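What follows is the residue order along each chain.
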Amino acid sequence: MEFQPTIISFLCNWCSYTGADLAGTSRMKYAPNIRIIRIMCSGRVDPTFVLKSFREGADGVLICGCHPGDCHYHEGNYKCLRRFKLLHKYIQQMGIHKDRLRLEWISASEGRQFADLVDNMTERLMELGPSPIKEIMEIA
Amino acid sequence: MEEPRIGVYVCWCGTNIEKVVDVAEVAKAMEKLPNVVLSKNYKYMCSDPGQDLIIKDIKENNLNRIVVSACSPRIHELTFRKTLEKAGLNPYLLQMANIREHVSWVHDDKKAATDKAKSLVAAAVTRVNHHEELQKRTVDINPATLIIGGGIAGLTAALEIADAGKKVFLLEKTNHLGGVVAGIDQSFPYFDSAQQIIQQFIKRIKQHENVEVLLNTKAENITGYVGNFKMPLPMLGIDAELEFGNIIVATGLKPYDPSAIREYGYGYLPNVITSLEFEKMLMSGKIETKDGKTPEDILIIHCVGSRNKNCHEYCSRTCCMTALKFATQLRSALPKANIYQAYADMRSFGKDCEELYLKASQKDIMFLMYDQQKYLPEIRRAPNREKCEMLVEIEEILSGDMVEVPADLVILMTAMEAHEDVKDVARTVGVSLCGNDFFIERHPKLDPVATTTDGVFIAGTCQAPKDIPDSVAQAKAAAARVLSSIDVGQVEIEVTTAFTNEDLCCGCQTCISVCPYKAIGFNEENRVSVVNEILCKGCGTCSSACPTGAIRTRHFTDKQIMSQIEGMLSMTKRKSKKTELEV
Ligand SMILES: Cc1cc2nc3c(=O)[nH]c(=O)nc-3n(C[C@H](O)[C@H](O)[C@H](O)COP(=O)(O)OP(=O)(O)OC[C@H]3O[C@@H](n4cnc5c(N)ncnc54)[C@H](O)[C@@H]3O)c2cc1C
Ligand code: SF4
Ligand code: SF4
Ligand code: SF4
Ligand code: FES
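As you go down the protein sequences, you meet chains F and Y in turn. Quick note on our numbering: the first sequence kicks off at 42 and runs consecutively. Quick note on our numbering: the second sequence kicks off at 334 and runs consecutively.
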């Protein structure tokens, strides 16, 4: 059977989670590989959440927040972006491909963009194959 | 803490979920998870019998944690929290799994959807184990209201609230009240004087003892939360500030600048004017060209900047009716003139509007239909200026002919669009905008004047283009919502705030530097950070920045989110059993 990646995703409540809900109410179809965790703001994404996801067997991690300037808490997404850049370098040092971790801005009206993003990331992860961490952690 | 005893409920949502997700299989799979006492599936969890089922189970089985796997928590989390309360449980001992918007409505493959649903529900189960009781906080509602925007919507809402005896601060960024309506002569479909209506409103507002009008003032730097907002007024002194409990946003829309559309020559052809410029002409009582002549040929062009992918894709909604209003007014003022209307579609919904269309079409007005997506009418200077000023080439699609229309005056029915500063307003009141920069309502059908931010309401065209009656109706609805909130007097506020564990805090003050609300202070004596829970909005940025894990965000603790991650991935099989990993 073709490899099916699992993506753990952190979506902020105000923009991105609402955008994902909109994809649902608009009945837009996308790949079933994503698992969404709701947080209040992308600024809440602790680097350990991302590392934990990889450790538990995620093939990819997607963080979504409001577009720059639109964060419900003014600047949580900038804080997230700053942390993300460091984290991105760090995971590559650990041998995790950079395309396995993404940070994207999705507004409450961008249901289509969200659906396309999930499809696009799923496709890329299928090319990349299972996460190398799974081998180490002995996750099938 | 007592042992968790979890009840899991998988909702069918009629056929909405059940059609794609094997709900019985999902419920069954949860039975095996630690601490799950019972796991059921039911047709409509949000219905009264659905909620009663939860209440009965809580009582009979001593459940102390509930997972409802159904629609988005954005829709029904409050419903089910109330259910828990009715059964005597703390409302925060609930976790929802979204298997409708995030599963059954977006996937077709039944197996993949069922597997995904299982992992989402399992995650909710593992998470709910770590939920804690949180005590609700209620605060008093300041009975004053801030209204942003002094157009017809803002004025209406202000009068409604002020007449009920409550204080209103009315903010207007220009130096006058009235908004767009202040620049309109007569209003469709009855040709009553828009000036009379709006000037009366303005007069009453200015005299009203409960209304304080602040002209040349923008909404900026609003802080606080429902019931207790504040806005500084630096121009009135350093410490001057407004305090209010609710906000109504009524910032309206502005006309689109048509000079970007090459075909229309607006800006260099002097007798091509916009609809609002024509209203001004009507108010002055003189319809004439720039060089003072009475126009013999007049063309009105619809959909300028609307319904076109190069400008705005939406319909501006009032311009068709305004164009028919203009044609009717022109016909009575200039009985001999030739009047043309180039339209793309005639949208005359609304009470007595189709009737106006019918009447206008009996007044010797030439209606020409053009294709808004393909060929816009093209205006050029006439070579022989004796006969007419301009010539307009139109591909008339009903006849299929290319026609050339003479014109001395062209009126562009310009689109209405968001103000440049709308993002600043949206940010300061904490409400999202849609792709067209209109304010987003809490629910498009069921809650059209509220927003997802408690205490902030919207009215008038800032929500989407609309006519005066609809703007007034929304304004009155928003005012009623504010008055009922003042009447209740108190409101429950978010308890999902941050707090520090002073034993773990090393005093590095990282949290203080990242908090967007300056909600954290430093206790010099104990050298620890302390959260002011009234100011904290619970974004959680501090928790993810704190190096020692001393600062926690209630209901979004590390443990809760980590366990959710574990639960989500627990459905993937492991090659060999490994002991719990430390993070
Ligand atoms: C040419 C034309 C003709 C029309 N004719 C008719 C008609 O005949 N009949 C009819 O029913 N409808 C008509 N309409 C529609 C009508 O104008 C609108 O329904 C109405 O203006 C909506 O009122 P509003 O209060 O929502 O917004 P607006 O009238 O736009 O008022 C908004 C106010 O908010 C202020 N503001 C904006 N941003 C800020 C800020 N950041 N801080 C403080 N203040 C701010 C603005 O300066 C303005 O005063 C017409 C529209 C046009 C363009
Ligand atoms: S109301 Fe009429 S003129 Fe205005 S955008 Fe809609 S269709 Fe075009
Ligand atoms: S970041 Fe953590 S350790 Fe540092 S001051 Fe704040 S609470 Fe204390
Ligand atoms: S959660 Fe933390 S960063 Fe966010 S508002 Fe509260 S104290 Fe500030
Ligand atoms: S609330 Fe969406 S990123 Fe902060």
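These are computed hints drawn from the structure, not numbers from a lab. Bear in mind the structure is a predicted one, so any value in this text is a computation, not a measurement. Hints are not guaranteed to be accurate.
Unchecked claim - Only part of the chain Y face toward chain F is listed, based on derived beta-carbon distances under 7 Å: (1) Val439; (2) Ser592; (3) Gly871.
Even for Gly, the Cβ is constructed at its ideal location relative to N, Cα and C.
Each hint tested on the structure:
1. Satisfaction of the interface hint for Y/Val439 is found here, the shortest Cβ-Cβ separation to chain F being roughly 5 Å, below the 7 Å cut-off.
2. Violation of the interface hint for Y/Ser592 is found here, the shortest Cβ-Cβ separation to chain F being roughly 27 Å, above the 7 Å cut-off.
3. Because the smallest distance between the Cβ of Y/Gly871 and any Cβ of chain F comes to about 6 Å, under 7 Å, the interface hint for this residue holds.
Against the hints set out earlier in the document, a violation occurs for number 2 only.
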